[in-house]
Structures are given as structure tokens and as C-alpha cells.
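Sequences are here, hints too, so could you generate the full structure?
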Amino acid sequence: MTADNGTAKGQAAPTVRARSLAWRRRRDAAARFWRQYRGHRAGVFGLAALLLFAVPALAAPLLVGSDVADVTDAPGGPLEDPSARFPFGTDRFGRNLLGLVIWGARVSLLVGLLAAVLSVAIGTLIGVTAGHFKGWYATVVMRITDWFLVMPTLVLAIALATVMPRSLLTIVVAIGVTTWPTTARLVRAQTLAVETRPYIERARALGGGHRHIMARHVLPNVMPLVLAQTTLIISSAILAEATLAFLGLGDPTVVSWGALLQDAREAGAVSSGHWWYLVPPGVAIAVVALAFTLCGRAVEQVSNPRLGVSR
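All residue numbers for the sequence shown refer to UniProt numbering, where the first residue is 1 and numbers rise by one.
Among these hints, one or two may not hold up.
Pairwise CB distance ranges (calculated) [claimed, not checked]:
{"hint": "1", "residue 1": "Gly209", "residue 2": "Val117", "range": "54 to 64 Å"}
{"hint": "2", "residue 1": "Asn221", "residue 2": "Gly273", "range": "49 to 59 Å"}
{"hint": "3", "residue 1": "Tyr137", "residue 2": "Trp275", "range": "22 to 32 Å"}
{"hint": "4", "residue 1": "Pro252", "residue 2": "Ala84", "range": "27 to 37 Å"}
{"hint": "5", "residue 1": "Trp275", "residue 2": "Arg197", "range": "30 to 40 Å"}
The hints are simulated quantities; they were obtained by calculation from the structure and are not laboratory data.
Only a predicted model underlies this, so the values are computations on that prediction, with no experimental measurement involved.
For each residue, glycine too, the CB sits at the ideal point set by N, CA and C.
Next comes the structure, spelled out in C-alpha cells:
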């Protein structure tokens, strides 16, 4: 029994050391990434802008309350000018527009993030498998990808949002399943480059199967590209969500930046000169989309330093 316990402890010790070494390497890689990221001023500015919107959005129930969108108990009168009480004025129902913008950030950021994750997940799966298996499978899949590329993304999203129930899930699916082709193309190209490296041949010679090669060798090498692509697609997804909501295809019971723009259009804010109804949600959409783009470019340059040299 003592010998068995000693053997078990002897076998467990290398496993613990290996896990500790792996975690230390991950921490060192994260610290190295952050040091390089801080060298990109535009990326730091984009990250600061995102925090400026994300923190109030997360704390929205505490800052503005969950009843900010209630039209039956609005605190002000319809379309009041900006004042000390209402810094952004009020909407056509008398609701505090600043509170609506803060609450709408929760929806717009969440939809943009989920839609981008869905889009990148589909594109990564298709790109990795098409680059690995090649042959007739890659030909068929990439022809489908080309068809999605030449089709107007917004038109496809509008068509899906029209035939599906009006909800946030519909918006996420409509954006996610129409914006993946670019990611698929980029990931496939990176997969083809990775699979020409000698260690892939060694893995095959040692008996590594398709799943092992794609999961252990290909996917880790394409993840920096996937991360950069995710941050870039989030900005496009936020713009797409705002567009669909502005066209009346979003969830009418949910407050988002696009829905606020739609309300402003229906209230005639443009013709009546109520600029405060349009400017805050419009500026918020533009700033967040720009911030995600700046972060994505910085991540892309950190992941591939040659891009910074070529530019």
C-alpha cells in the first residue's frame, strides 16, 4: 500500500508541475501581449472608450434603474430641452434620454458581442475544416462562402429578421449567419499556411488524427487572427443591429441605440429641430464602432508585428 501511494504521488507530481508551467506560460504570454498592446496609442484610446461605455452599461440598473424605459411613469414632459435635471433632454414620452442611452448600451453591446462570436465561430469552423480537408469538401464550402460574399449582407440580414420573430435572438442570428464569410476566408488562408509547416507532417507521421491536428496544432495558430477578427466584427455587428432596429425590425420592447434613433425619426426630431433626440445615440454608435475598430487593429498588429512594419 505504501509503495502504491508513493507511486501515485510520483506520477502526480510531474502532472502538477506541468500544469503550473502551462499556467505560468499563459500568464507570461498575457503580460507580454499587454506590454505590446500598450505601445499602440490608438488601441489604448479605443480600450478606454469601450470602458467608458461598458462600465455604465453594466451598472445601469444601479445608475438609472430598471424602470427607465417605462412610459407610464416618465419623470419629465415630452421633448424637453437638455437641462441640469435631464442632461440629454427627454424623448417624446418624457423619459430621461441619458438613462435610455445608458440602458441601451447594454443591449447594443450585448447583441454586437453575441453576433460577432456567432459569426466568428461559424467562420472559424468552416475556415479550419476547409483548409485542412481540402478536396471536394473545400471546393463546395468555399463556393458557398463566395456566394455569401457577393450577396449584400444587410439585405440578407433584413430578409432573415423579417421572416423570423422579432427578438434580440433574431437580430443576433440574422447578423451572425450573414457576416461569417470574411472570417472563413482569412482562417482558411492561415490554416493552409500552418499545414505546410514541418511539425504538422511530424504529427501525422506519429499517428495524429484530423481532430488532433486541427485542435492541437492548427487552431492555436489561427487564434490570434480569430481574436483580431472578433473585435473588428463587433463594430460591424453593432452598426448592423442599429440599422435593423432603426428599420423597425428589432424587438419593440427593448431599448437600444438603434431603437432610440427609430423613435426620434417617428417623433419628427429631424424636421422639428430636436437634435438632442438624435445626437446621443448616434454619437454612441459611432464612438463604440470606432473604438472596437481601433482595438481590433491594435490586436492585429500585436499578433502579427509585420503588419506594423508594412504600414
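Results for each hint:
The beta-carbon spacing between Gly209 and Val117, approximately 27 Å, falls outside the hinted interval of 54 to 64 Å. Checked against the given bound of 49 to 59 Å, the beta carbons of Asn221 and Gly273, roughly 55 Å apart, stay inside it. Hint check: Tyr137 to Trp275, Cβ distance near 54 Å, so the stated range 22 to 32 Å is violated. Taken as a hint, the range 27 to 37 Å holds for the pair Pro252 and Ala84, whose Cβ atoms sit roughly 32 Å apart.
The hinted window of 30 to 40 Å between Trp275 and Arg197 is violated, with their beta carbons roughly 57 Å apart.
The structure does not agree with the numbered hints 1, 3, 5 stated previously, though it agrees with the rest.
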